[in-house]
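If you read the protein sequences in the order shown, they are chains W and G.
Positions in the first sequence are counted from 1; adding 11 to them yields my numbering.
Positions in the second sequence are counted from 1; adding 28 to them yields my numbering.
Honestly, the hints are just simulated from the structure, not real lab data.
Quick reminder that beta carbons are idealized off the backbone N, C-alpha and C, glycines included.
Hints may contain errors.
Said to hold, decoys possible - Derived list of chain G stretches under chain W, where covered just means 3 residues or more per stretch with a C-beta under 8 Å from a C-beta of chain W:
1. 68 to 82
2. 95 to 102
3. 176 to 189
4. 344 to 357
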Amino acid sequence: MNGHRLGIDVGGTNTDAVILDEADAPIAKTKTPTTEDISSGILDALDEVLRQADISGDDLEYVMLGTTHATNAIAERKGLNDVGVFRIGSPATRSIKPLLEWPNDLADAIGDDIAILDGGHEFDGRELNSIDESEIREQVRAFDHVDSFAVTSVFSPVREDHEERIAEIVHEELDDDIPVSLSHEIGSVGLLERENATALNAALTSVAAEAAQAFIDAMDERSIDAQLYFGQNDGTLMSVEYALDYPIFTVASGPSNSVRGAAYLSGIENGIIVDVGGTTTDVGALTDGFPRESSVAVEIGEVKTNFRMPDLIALGIGGGSHINIGPEGKVTVGPESVGYRLTEEARCFDGSTLTATDVEVAASDLDIGDTNPTVERDTVQKAREYIRTEVERAVDQMKTSPEPVPVVVVGGGSILIPTDLDGASKVYKPDHYEVANAVGVAIAQVSGEVDRIYSLDDQGRDTAMDDAKAEAKSRAVEAGADEDTVEVFDIQEVPLSYLPGNAVRIKVKAAGQLDR
Amino acid sequence: MRIDVTDLEDIALGATILGTGGGGDPHVGKLVARQAIEDCGPVEMIQPDELGDDDLVLVSAQMGAPTVAVEKLPAGHEPLASVERVEQELGRKADATMPMECGGINSMFPFAVAARKGIPLVNADGMGRAFPELQHETFNVYGVSGTPAALADEHGNTCLLETTDNEQLEWHARGLTIRMGGVAYVTDYPMSGTEVQNTAIPGTMSLAQDIGEAVRTTDLDPVAAIRTATKESIYGDPIQLFEGKIVDVRRRTEDGFVVGEVIIEGLGSDADATMEIEFQNENLGARRDGEWVATVPDLITVTDRETGEPIRTEALRYGARVSVIGIPTPQIMRTKAALDVWGPQTFGLETGFVPLSDS
Numbered sequence: 012m013n014g015h016r017l018g019i020d021v022g023g024t025n026t027d028a029v030i031l032d033e034a035d036a037p038i039a040k041t042k043t044p045t046t047e048d049i050s051s052g053i054l055d056a057l058d059e060v061l062r063q064a065d066i067s068g069d070d071l072e073y074v075m076l077g078t079t080h081a082t083n084a085i086a087e088r089k090g091l092n093d094v095g096v097f098r099i100g101s102p103a104t105r106s107i108k109p110l111l112e113w114p115n116d117l118a119d120a121i122g123d124d125i126a127i128l129d130g131g132h133e134f135d136g137r138e139l140n141s142i143d144e145s146e147i148r149e150q151v152r153a154f155d156h157v158d159s160f161a162v163t164s165v166f167s168p169v170r171e172d173h174e175e176r177i178a179e180i181v182h183e184e185l186d187d188d189i190p191v192s193l194s195h196e197i198g199s200v201g202l203l204e205r206e207n208a209t210a211l212n213a214a215l216t217s218v219a220a221e222a223a224q225a226f227i228d229a230m231d232e233r234s235i236d237a238q239l240y241f242g243q244n245d246g247t248l249m250s251v252e253y254a255l256d257y258p259i260f261t262v263a264s265g266p267s268n269s270v271r272g273a274a275y276l277s278g279i280e281n282g283i284i285v286d287v288g289g290t291t292t293d294v295g296a297l298t299d300g301f302p303r304e305s306s307v308a309v310e311i312g313e314v315k316t317n318f319r320m321p322d323l324i325a326l327g328i329g330g331g332s333h334i335n336i337g338p339e340g341k342v343t344v345g346p347e348s349v350g351y352r353l354t355e356e357a358r359c360f361d362g363s364t365l366t367a368t369d370v371e372v373a374a375s376d377l378d379i380g381d382t383n384p385t386v387e388r389d390t391v392q393k394a395r396e397y398i399r400t401e402v403e404r405a406v407d408q409m410k411t412s413p414e415p416v417p418v419v420v421v422g423g424g425s426i427l428i429p430t431d432l433d434g435a436s437k438v439y440k441p442d443h444y445e446v447a448n449a450v451g452v453a454i455a456q457v458s459g460e461v462d463r464i465y466s467l468d469d470q471g472r473d474t475a476m477d478d479a480k481a482e483a484k485s486r487a488v489e490a491g492a493d494e495d496t497v498e499v500f501d502i503q504e505v506p507l508s509y510l511p512g513n514a515v516r517i518k519v520k521a522a523g524q525l526d527r
Numbered sequence: 029m030r031i032d033v034t035d036l037e038d039i040a041l042g043a044t045i046l047g048t049g050g051g052g053d054p055h056v057g058k059l060v061a062r063q064a065i066e067d068c069g070p071v072e073m074i075q076p077d078e079l080g081d082d083d084l085v086l087v088s089a090q091m092g093a094p095t096v097a098v099e100k101l102p103a104g105h106e107p108l109a110s111v112e113r114v115e116q117e118l119g120r121k122a123d124a125t126m127p128m129e130c131g132g133i134n135s136m137f138p139f140a141v142a143a144r145k146g147i148p149l150v151n152a153d154g155m156g157r158a159f160p161e162l163q164h165e166t167f168n169v170y171g172v173s174g175t176p177a178a179l180a181d182e183h184g185n186t187c188l189l190e191t192t193d194n195e196q197l198e199w200h201a202r203g204l205t206i207r208m209g210g211v212a213y214v215t216d217y218p219m220s221g222t223e224v225q226n227t228a229i230p231g232t233m234s235l236a237q238d239i240g241e242a243v244r245t246t247d248l249d250p251v252a253a254i255r256t257a258t259k260e261s262i263y264g265d266p267i268q269l270f271e272g273k274i275v276d277v278r279r280r281t282e283d284g285f286v287v288g289e290v291i292i293e294g295l296g297s298d299a300d301a302t303m304e305i306e307f308q309n310e311n312l313g314a315r316r317d318g319e320w321v322a323t324v325p326d327l328i329t330v331t332d333r334e335t336g337e338p339i340r341t342e343a344l345r346y347g348a349r350v351s352v353i354g355i356p357t358p359q360i361m362r363t364k365a366a367l368d369v370w371g372p373q374t375f376g377l378e379t380g381f382v383p384l385s386d387s
């Protein structure tokens, strides 16, 4: 085997692919339209980069896939499972029913099999209530028609025992293969948000299985015997088996991959990433080579969740954005966009819509499209000023300190961004910027995470921290990381107000290189 | 005046502003109150002067850690259980209920009690904002005994407390709350109609509702929106204390509270100035270039400069563009007796009370 890596990013518009050589340098890249039938789009991209790189499928050691399947399934309510939703915490929690705040059509899409059962723990690990095995067995049998289960127990981030036991009972009563999503593996403290994320995860396992199968089939079709991975929300990788169990962790992998790819291509570890697509621009923060996570509840398909997601500001500005000229000559850009129809509708492609791309082509005399469109100088100036102001503002909002920081610009629409942004120490537009997503997933590390409440009076801060770090590292190794390269890359401590015993919540993430 | 589920949204938003950065996220409480109103119908909200002199008014609140409150949701019966335990002790039923804290999550539970018991809710409270402890009540300031009081948990346990003073009530109730798993539901300061009229801060629930509605519907800036609401209340006109960008947030744990300060660098008319806000769960005091400009008990609320949404202390973060709003409290919260209970020095600030002027 020859140590090449293939990164594929299946986006809404384009499927990007890139091949990295043994030294992780990009040696081939392509952008092809995303196809309805996922496998054929992957195959098209695969064949093109293999041809460019002049290598065979046997030379690929790792293949990484970034995908928006799960995101789209939730948005379109398509292909979702019927889910048996168990909350373990009675007599507490009964006042608010599971899925209460879900949009009706999404709740309907996963069925109405919901139960609140005895069990759960207190913040300090005491049992809130014991579980009633016969009650659980009866309820599991009543839900024998569902495709998967979601189990959320009170304070399971502190004690997971009850969730684990329910999973055993489901498998004993029904079928060893039925997917059971456990909330302590998915979210952190905050019952409703964690329960939502867990139910969404359980709803997605069939969609994930389908995407994984398409991925595996495409590789088989070309007789590629590489290790396969999926990109996840925090910019690290998970095995295909893991992705089958935790599809919810792929829903924001796209932006994360571009942040990681931008870091890799530019060599910048700390700074701000601006990813310019056809319709939107995502502005994210890079902390020690990883995307910074959001601190507030993140909504997926209008459902509040609290699991790990990159902190992003999305601007309605992209290469295909309409230029709007209002009364008194006021010029704004977006949010309407011609999107993937840029090459038909934009002026520079002889279309009739004035887009952000046209403005740049006219201003800088770029060689894009068929004609150099005529755009009034005043409009050019105002449109560019609008984009500059919006981007500078988003960059400033994402910064963690007042000092100027490096800004890395990637994505197909990168030409829109000026190179002298206010607040930037330097603006980088690295080579291969247009396929940063695919590069990001190709170079990603594998990670493990732990999120737990400790009483520092019981064990001291050092012991608690060591315990959390060891657990995070062992989870990374479990996920496929080479033990010698695993390092902790993120630690967060949150003091818990009013609690005695000096309680803190410690969240640790570790990641390591894939074994080469 | 009848309060329906749609009104709860506005009250919850206004209560977050009155929570001055703390008081807990009203979200969970709102869902509990919503369920009660859906099950039992709207709640009648009455003014303190509509109470009969001898009417019995019992409050309802959650106490404990906000982090536990978002995980171990209530069974539903707890707020009723604490009220009923005090009723049993007094040998009579409550004629009305009332919040003891209009800021944060405790604006919500009394609506569940009122709906389920079919009794009116008094448009008043005892804090006029959010505060961390049970003695931080005008009821305490003006001589009402906190006991008999009762605590309830989700299992059906209730504890009745008789204490020598209201600080002792806080001390013992806090200990019980830990044993109940970090969150408990309390009913204390049982009062007659006359006592409510003499000691409660009137109009705070309709104020929360008016603020919430104004901020939700306004095209004006948040200060102007809040002004339309406070005009009808005994609170003073809101003042924009500062606008700027958060450049640092420092948090630490002291005696079970989250204590810290946030540093804001000025923008616009405040360019070149700096504001520092100290907090202990709630915002306690604000200094502009080192000079105290606002302190407890006056309200200091940090809001999003664009949307007017209030930002709780745990959500303060670098880079946010914020507007700091001060709201002068009514005289009942500013007397010497009141300042002895919740003035700046009781929280360790090295200043006397710096009243926001009402002009």
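Hints, verified against the model:
1. Beta-carbon proximity to chain W at under 8 Å applies to 0 residues in the stretch 68 to 82 of chain G; the threshold of 3 is not reached and the given coverage is violated.
2. A stretch counts as covered by a chain when three or more of its residues have a beta carbon under 8 Å from one of that chain; for the stretch 95 to 102 of chain G and chain W the count is 7, and the coverage holds.
3. Coverage of the stretch 176 to 189 of chain G by chain W holds. Counting CB-CB distances below 8 Å, 3 residues qualify, and the rule asks for three or more.
4. Taking a C-beta to C-beta cut-off of 8 Å, the stretch 344 to 357 of chain G contributes 5 residues in contact with chain W, enough for the three needed, and the coverage statement holds.
Hint violations for this structure: number 1 only, all remaining hints satisfied.
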